[in-house]
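Going down the list, the sequences are from chains B and G.
Here the first sequence is numbered in numbering that gives the first Met the number 0, starting from 0 and rising by one per residue.
Here the second sequence is numbered in numbering that gives the first Met the number 0, starting from 0 and rising by one per residue.
Hint data in this document are derived by calculation from the structure and do not stem from the laboratory.
One should not assume that every hint holds.
[To be verified] Rough simulated footprint, nothing fancy, chain B against chain G, three-plus residues with beta-carbon under 8 Å:
1. 0-12
2. 40-50
[To be verified] No more than 35 Å apart at the CA atoms, straight line, and that leaves these computed lysine-lysine pairs for DSBU-like:
3. G/K14 with B/K247
4. B/K505 with B/K536
5. B/K471 with G/K14
6. G/K66 with B/K452
[Unchecked claim] Here are some, though not all, of the chain G residues that point toward chain B, as calculated from beta-carbon distances under 7 Å:
7. I28
8. K31
9. L54
10. Y56
The beta-carbon is built from N, C-alpha and C at its ideal position, and this holds for glycine as well.
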Amino acid sequence: MEDRKEYELDLDDVIENSLILDFSEYVECENSATKKYNSMLGEKGSIKDGFLRRFISNQKFFDYCLYIIEKREKELSIICQINGDFSCGVQINVSAALGLLEKYKYLSEVEEQRLNMLKNKASSIKSLLEDYKDVEYVVRIKEKEIKLNAKDALTIFFSNDSIAEKNLNSEYILGVSKYEFAYFINKLIQQEKIFQRYYLDEKFVYRYNALKHYRIVDFQSLEVLEVSEESIKYDIEISQELKKNILKGMNPNYNKLEKSIYIYIRLCKTFSYDPLFYINGQRGKVAEYHENIDRLKTITGKEDSIVCYEFNTIYGKFLDLIGVKYYINVRDSSRYGRNHANLSYIIDEYIVWADAMVSIMGGDLINAKINYDLNGLKCINKSKSTKSKFNRTLEKIYKHIIRKESISGNSEFEISTLLSIYRKLCSNKNNGKVSFARKAELLIEEINNSNLKDIDAVGYLIKLSRNLFSEKEFKNNYSCVVMKENDKPKEKVCVIITTNEVGFEKKKANVYMYYTPGSKIKQISENELEIMLKKKKLEYIDKTNYQIPGFPRLANKRRN
Amino acid sequence: MIEELRLKNDFLISKCESKADTNYIRYGIIKKLLSDDKCFFKISFEDAYNILIDLGYSENDAIDVYKKLVSPEEFSKVNEE
C-alpha cells in the first residue's frame with residue numbers, strides 16, 4: 000500500500016510540474032532542428048527548436064513556462080503521453096531556453112511580448128532577493144562557521160557595478176573578511192544554482208565568472224584549506240643552534256609570508272645535498288641513516304648534508320614556529336623517507352609550494368648559494384595578481400638576504416634581457432671565438448684549483464661547463480657525467496669528463512678524464528675506463544640517464 | 000677583480016661623446032651587468048669574453064681575467080655568510 004502511495008505522490012508531482020503533450024505534438028517537436036547553447040558559465044547543451052519556439056508562440060507552452068519561472072524552478076519538464084501512459088520526456092534548462100529565445104531574429108508582436116514577460120519574471124533581482132529575504136545561510140570554512148543573511152549577501156553581490164566594486168574590495172563585508180565573503184557568496188550562488196534558476200543580466204554572469212576564477216578576490220586558499228586537514232606532519236625537535244643559524248638576521252617586522260620565504264632561502268643557503276645519498280640511488284645504508292628522523296635534532300646547520308624529506312621536515316618545523324599551517328606532499332606517506340617529498344603551505348591568500356630539490360644539480364640548494372633565481376618556491380594560486388604579488392615579495396626578501404651578504408644581484412631575467420640588447424650592440428668581431436680546446440683547458444685549470452667539497456665541487460664543475468660550452472659543444476664535443484665510485488670501503492661521487500674536438504661520432508678521438516672532489520682532473524684511457532665500469536668500480540647513478548660517450552647505456556644520452 | 004672592470008667601464012663611459020652613442024648604451028649595459036658581483040657565474044663564456052674584449056683586454060688577457068672571475072674562490076664566496 001505504501002509503495003502505491005509513494006507512486007501516486009510522485010505522479011502528482013510530475014503532473015503538476017510538467018507539460019504533458021500527446022504523441023503527435025511531442026514527436027513534431029522532437030523532430031525539429033536542434034539549437035545548441037554554450038552558456039557563459041560554461042554549460043553546454045541543446046534544445047529542439049520545436050519545444051523552444053512554442054514557449055513564446057503557443058499559449059499552453061507559455062503558461063507552463065511562466066508557471067515554472069514563477070516557482071523558481073530551474074528545469075522545464077515536457078512529457079509525452081501515449082494511451083494514457085507517460086512514455087518519454089525532456090528536461091530543458093530555463094536560463095538556457097531564455098538565452099536561446101533571445102537570439103531569434105524575427106518574432107511576432109505576441110512572441111516578443113511573451114518573451115519579455117518571461118525574461119522580466121525570470122530576471123528580476125527583486126524576486127531573487129525577495130526569495131532569500133529571511134534565509135540565514137550557513138557556509139563552513141574548516142572549523143569556522145559563517146552565517147549571513149542570504150539577501151544581504153546577494154544584495155551586495157548583485158548591486159550596480161560601482162557599488163559592487165566598492166563593497167567587494169572592502170577589507171570586511173558584513174562582518175567577515177573579504178576572502179570569507181567571496182568564499183561564502185560563491186558557495187551560495189553555486190549551491191543554490193542562482194544562475195540556473197534566475198535569468199540574470201549578462202554583467203552578473205561576467206561578475207560571477209570573475210569571482211569564481213578569483214579575479215575579484217583571491218579566496219582560493221580557503222578552498223585548499225578544506226582538503227588539507229588530513230595532512231602528514233612530523234613532530235620533531237630541532238637544535239637551538241640551527242634555529243639561531245637560520246633565523247639570524249631575520250627582520251622581526253617581516254610578516255608571516257616574508258618570514259617563510261626568508262627561512263626557505265636561509266635553509267637553502269645553509270644545507271647541502273648528501274652526495275652519498277645521490278650516488279647510491281637513494282638506497283642502502285645511507286638511506287637508512289637519513290630515514291632516522293631522530294637525527295634531525297642533531298643538525299646544527301654547519302656542514303650538514305641532508306636529503307629532500309629532511310629539508311621538508313625541518314622547513315615544516317620552522318613554519319610551525321612562525322605559526323604557518325603546511326602539509327607535506329608525498330606519494331607514499333606510510334613511512335618517513337620513502338619517497339621524494341615537498342610541501343605546501345597557506346598564508347592569507349597565498350598557496351605556496353616548496354621543493355628545494357626540484358633537481359639535485361639545478362635545485363635551490365645550489366641556486367640560493369650562487370644567488371640564482373629560485374625554482375623551488377612558488378605561489379600556486381590561479382590568480383595572476385596573487386602570483387605576481389608573491390613573486391615581488393620573494394624577490395624583495397631574496398634581495399634583502401643578498402644585500403646582507405654584501406653581494407648585489409641581478410635577477411636572471413634582467414641579465415638575459417641585458418645580454419640580448421648587449422649582443423645586438425656588440426661591436427667587436429670576436430664573438431667569443433675561443434677554441435674548444437682552449438675552453439676545455441680553462442675548465443681543467445679552474446677545477447684543479449678548486450677546494451670545494453663533494454656536491455658543491457661537482458655543482459661548480461657543472462656550472463662552469465654550462466658557462467663555457469655551447470649547446471652544440473655539449474652535444475658533439477663535451478660531456479660530464481656524475482657517477483658513483485666504489486672505493487671500498489667508501490663510496491664517493493666522481494665525474495667522468497669526455498672531450499672530443501672533432502665530434503663524438505669519431506669515437507677514437509674521445510679523451511676521457513676522471514675527477515673526484517678534492518683531487519685534480521686526470522686523464523684516463525678508454526681501456527681503464529672500460530675496466531672500471533666492468534668491475535663496477537664506477538657505476539652510473541640510478542634514476543639518471545646520462546651516459547659517457549662511447550659507453551652506451553640503455554637510456555638516451557642527456558646533457559648533464 | 001670585478002672592481003677593476005667597473006673602473007675600466009666607467010672610464011669608457013666617460014669617453015663617450017653623447018648619450019645617444021651606441022657605445023654609451025653598450026657600456027651602460029655592461030655597467031648594469033657588473034653591478035652584480037656574481038654576474039660572471041650567470042652569463043656564458045662567450046658573453047663574458049666579449050665584455051672583456053669590449054673593456055679593452057687582449058684575447059689572451061681576457062681568458063686570464065675570466066679565470067679569475069670564475070675561480071673556485073669566487074664560487075666559494077657565495078657560500079660564506
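- Query: Where does the structure disagree with the numbered hints, that is, which hint numbers, in rising order?
  - Reply: The structure breaks hints 1, 3, 5, 9 and 10; every other hint is satisfied.
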